[in-house]
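Asker: These protein sequences, in sequence, are chains A and B. Residue numbering for the first sequence follows our numbering, beginning at 1 and increasing consecutively. Residue numbering for the second sequence follows our numbering, beginning at 489 and increasing consecutively.
The hints are simulated quantities; they were obtained by calculation from the structure and are not laboratory data. Don't take each hint at face value.
Claimed, not checked - Looking from chain A toward chain B, a few residues come up when the C-beta cut is under 8 Å (computed):
hint, residue
1, Val222
2, Arg226
3, Gly255
4, Ser258
5, Glu333
6, Leu334
7, Leu336
8, Ala338
9, Leu339
10, Leu394
11, Gly398
Stated by the list, open to error - One-sided and incomplete, this derived list gives chain A residues near chain B with beta-carbon spacing under 8 Å:
hint, residue
12, Leu238
13, His330
14, Asn331
15, Leu340
16, Ala377
17, Pro481
18, Leu485
To be verified - Some chain B residues well away from chain A (every beta-carbon gap over 10 Å; in silico):
hint, residue
19, Glu553
20, Leu569
21, Glu585
22, Asp597
23, Ala608
24, Arg613
25, Gly632
26, Glu633
27, Ala732
28, Gln757
Since this is a predicted model, take the numbers as computed values, not measurements. Each residue gets a CB set at the ideal place from its N, CA and C atoms; glycine is no exception.
Given next are the chains, with one letter for each unit.
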Amino acid sequence: MKLMRLLGLPWMALSQRWRMGIGVCFALLFVGATTVGVIRLHDTNGVLRTVHAVAGADCLFWAGALSQSLLLAREAHRLRLPALDREVTASLTLYALLTIALPALLLAWMGGNVAVTLTEIGMGAGLGMAYATLPPYLGIIVCFTPMLSDHAGPWLPMPSASPDRFLAWAVPCVALLWLLVGGFWRNAVRRDSGLSGARRPIMLNLRTLAWYGRNRSNYLEVQQIRRRWQWAQPVADLRHCGPDRPMYSLRIAMGGWSMPQTSTSRWRQLGILLASMLLPIFVMAVASHGDDVLRSIFDNANVLVFALCIVGAVLALAQVQTLQRRWSRHNAELPLLALLPGLGDTVRIKRELLLANLLPTLGVQALLILAMLGLAASLHLDAGSDIMLLLGQLTGMGMLTTLALVTLGGVHVRDGWLMVLCTCGYLLVNISVVLALPMVDNQPFIHQPAVAWAAAIAWAGLFVPLLRLGVLGWHGLRNRPHPFLPVA
Amino acid sequence: MNAILKETASTIAPLTARGLTHCYEGSNVLRGVDLALEPGSVLGLIGRNGAGKSTLIRTMLGLLEPLSGEARVFGEPALKLSDDAKARLAYVPQQPEALAWLTAQQMLDYVGRFYPRWDADFAHRTLERWKLQPNKLLAKLSPGERQRVDLIRALASQPELLVLDEPAAALDPVARRELLREVALRAGESGTTVLFSTHIVSDLERVASEIAFLHEGRLILRCGVDDTKERYARLWLPAAKSAAAPTQALSRRRHEDGSLSLVVERDAQDHWPEAASLPGARIDALGLEDLFVEIAE
Chain A
1 MKLMRLLGLP
11 WMALSQRWRM
21 GIGVCFALLF
31 VGATTVGVIR
41 LHDTNGVLRT
51 VHAVAGADCL
61 FWAGALSQSL
71 LLAREAHRLR
81 LPALDREVTA
91 SLTLYALLTI
101 ALPALLLAWM
111 GGNVAVTLTE
121 IGMGAGLGMA
131 YATLPPYLGI
141 IVCFTPMLSD
151 HAGPWLPMPS
161 ASPDRFLAWA
171 VPCVALLWLL
181 VGGFWRNAVR
191 RDSGLSGARR
201 PIMLNLRTLA
211 WYGRNRSNYL
221 EVQQIRRRWQ
231 WAQPVADLRH
241 CGPDRPMYSL
251 RIAMGGWSMP
261 QTSTSRWRQL
271 GILLASMLLP
281 IFVMAVASHG
291 DDVLRSIFDN
301 ANVLVFALCI
311 VGAVLALAQV
321 QTLQRRWSRH
331 NAELPLLALL
341 PGLGDTVRIK
351 RELLLANLLP
361 TLGVQALLIL
371 AMLGLAASLH
381 LDAGSDIMLL
391 LGQLTGMGML
401 TTLALVTLGG
411 VHVRDGWLMV
421 LCTCGYLLVN
431 ISVVLALPMV
441 DNQPFIHQPA
451 VAWAAAIAWA
461 GLFVPLLRLG
471 VLGWHGLRNR
481 PHPFLPVA
Chain B
489 MNAILKETAS
499 TIAPLTARGL
509 THCYEGSNVL
519 RGVDLALEPG
529 SVLGLIGRNG
539 AGKSTLIRTM
549 LGLLEPLSGE
559 ARVFGEPALK
569 LSDDAKARLA
579 YVPQQPEALA
589 WLTAQQMLDY
599 VGRFYPRWDA
609 DFAHRTLERW
619 KLQPNKLLAK
629 LSPGERQRVD
639 LIRALASQPE
649 LLVLDEPAAA
659 LDPVARRELL
669 REVALRAGES
679 GTTVLFSTHI
689 VSDLERVASE
699 IAFLHEGRLI
709 LRCGVDDTKE
719 RYARLWLPAA
729 KSAAAPTQAL
739 SRRRHEDGSL
749 SLVVERDAQD
759 HWPEAASLPG
769 ARIDALGLED
779 LFVEIAE
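I would like the entire structure built from these sequences, with the hints used as guidance.
Answerer: So, in structure tokens, the structure goes:
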């Protein structure tokens, strides 16, 4: 009975639906890993591959399921329940025996090196736990660890190459990793209320987001502003706002990337954006092919076309998200703007509001179209491919216009449907580039009639609901007494 | 002609609601509310959490479309206010969160450009007096500080009608006193009409000239603050006399021993209900807080 309670303890912090979901995922993972292990056991590296698979599965299991015990430990500490605190420790120890020690012994019995097996599986579980319980900036590093075995071979010997040399660096690292996890665990349990978002474990931050439900987008925006350094904050340019320039003023009230900023602030934001893009490119360059990555990105027009298309779609979705944030809160911008004098009559306000939300993004998307067509010309693409690329950008523009009208017009659409629509639109933007560019034998896929027909049907399937929603939104906006009424 | 116009403008009720109904997800929040504010009055809207106070205020200001009924601000339909009406009105929502990406000073500068009677000097002085950092981003202010910035925003526009939704909810006692003093000053000196919602009864007693009690979406009581003690009382009837209880009562509670407690009101001739004169019956005067609790329970 006690054993069952200890086994069930980490699951108590999860809802029934999550328990079911995680249970099914891990059952499938376990069956898959076992099958692969049994099939490949006769290979020379069969046991080692199984150890990799078990370490990977343990990483996910500890990150997704067992890390939830932190919530219980925290509550036990807050409610002064030392017995529950001890049970959480005992439960994790039991799971460590079952998911680390037991598989290691089994694999050692099948012919593996017991120390190597134990270390690698312990490392997998530790990395999973580190992702969930360390502060985000440390936890994210865990995501890059799979690259170790591919790219760090010359510096860090892997078990397949030299088990002894692997143990020489891995054992201290694993010990340090678990010590770090223990330290941050203790800190999170005892000082959670005093920890800022940047220092709180990812798992606790995700929990907070889940608690905010549909308002998480607003919560994230405020958190982002709070955490940003003062020098990195965008500074609004208020010089030209006022009743004479309603569109300009409304853009300030909407916030987001399209808010009018001082030129210093605009250049600073651009610098921050470029710097943040350089970091991943640098990591990729160092980790994989040296400077080939940079060359492959900037010498390859295909990649640039792809990037331009994606940027257009992402900008549209970002603008729509900003709009949805503003129209979901009844104690923020809506009452302020609804009662702000000087914006003019209702018809004028609706027109200026629509333009304030559409024009900046549509303008950037138009520039992206020009850049894309220029690149297409340099690639000597034919009219069919050009049309596909145009369709990709127009999809982003259409989604922006439609979803803006839906929000401003107060049309109630279920979140699930919007999610499906946005996902389909985003996928079609991606597909449009793939079909337009000469990927195989210097021939774009769109030249094949079957592909062209399938693409036409897919686009019709997206544009028909977009058009219908757009018309509904337009009528909704026209019929509203004023546009600053929250979405029902 | 001008004199007639001026008189008409000053006698128009700044805020009226007639038969307002509204519902959220199938449950009725407002059930046919009628309310009118006299010019220069300070009306405290009181009710329990979820009674519909914020919904009523938002509907009266045209920030929410009612299912039925009509709201008017300075005689204009609340949902289609002119710039002139908007310039005479200021509203502070509960827990204001607008324009989090601007600093307090930027927000006041931004809003101030739209109000013809904006008192920039007042805004500047009050920021200093209330010890608010003008260059701090609104997102980084505490809820209480943010509420105070929004109060400054509302007061600096020199409104004729000031509507505050739970203005003291996030304020410390000192800030609350300062706010109430400011509201009383505006009402007394400038004749500003004030509507504010609260469930802090002592705030009502300090500044309100009238109270309106909203309970389960219905306005069940409205009178002058000073009149409540005279006009309403608790009538206790022993079990044997409970059958004679008046049918009209604001609340009715039966005790375990069969006796009955009712909140009753004097009639037009200033008399308590007849049952109050029955042998064994008792009339207890009620303070504002007791009255609130008796009705809300």
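Asker: Next, verify each hint and record whether it holds.
Answerer: Here's how the hints hold up against the structure:
| no. | hint | in the structure |
| --- | --- | --- |
| 1 | Val222 | holds (5 Å) |
| 2 | Arg226 | holds (5 Å) |
| 3 | Gly255 | holds (5 Å) |
| 4 | Ser258 | violated (12 Å) |
| 5 | Glu333 | holds (5 Å) |
| 6 | Leu334 | holds (7 Å) |
| 7 | Leu336 | holds (5 Å) |
| 8 | Ala338 | holds (6 Å) |
| 9 | Leu339 | holds (5 Å) |
| 10 | Leu394 | violated (31 Å) |
| 11 | Gly398 | violated (28 Å) |
| 12 | Leu238 | holds (6 Å) |
| 13 | His330 | holds (7 Å) |
| 14 | Asn331 | holds (4 Å) |
| 15 | Leu340 | holds (5 Å) |
| 16 | Ala377 | violated (40 Å) |
| 17 | Pro481 | holds (4 Å) |
| 18 | Leu485 | holds (6 Å) |
| 19 | Glu553 | violated (6 Å) |
| 20 | Leu569 | violated (7 Å) |
| 21 | Glu585 | violated (4 Å) |
| 22 | Asp597 | violated (6 Å) |
| 23 | Ala608 | holds (13 Å) |
| 24 | Arg613 | holds (21 Å) |
| 25 | Gly632 | holds (15 Å) |
| 26 | Glu633 | holds (13 Å) |
| 27 | Ala732 | holds (48 Å) |
| 28 | Gln757 | holds (44 Å) |
The structure fails hints 4, 10, 11, 16, 19, 20, 21 and 22 (numbered hints given earlier, in ascending order).
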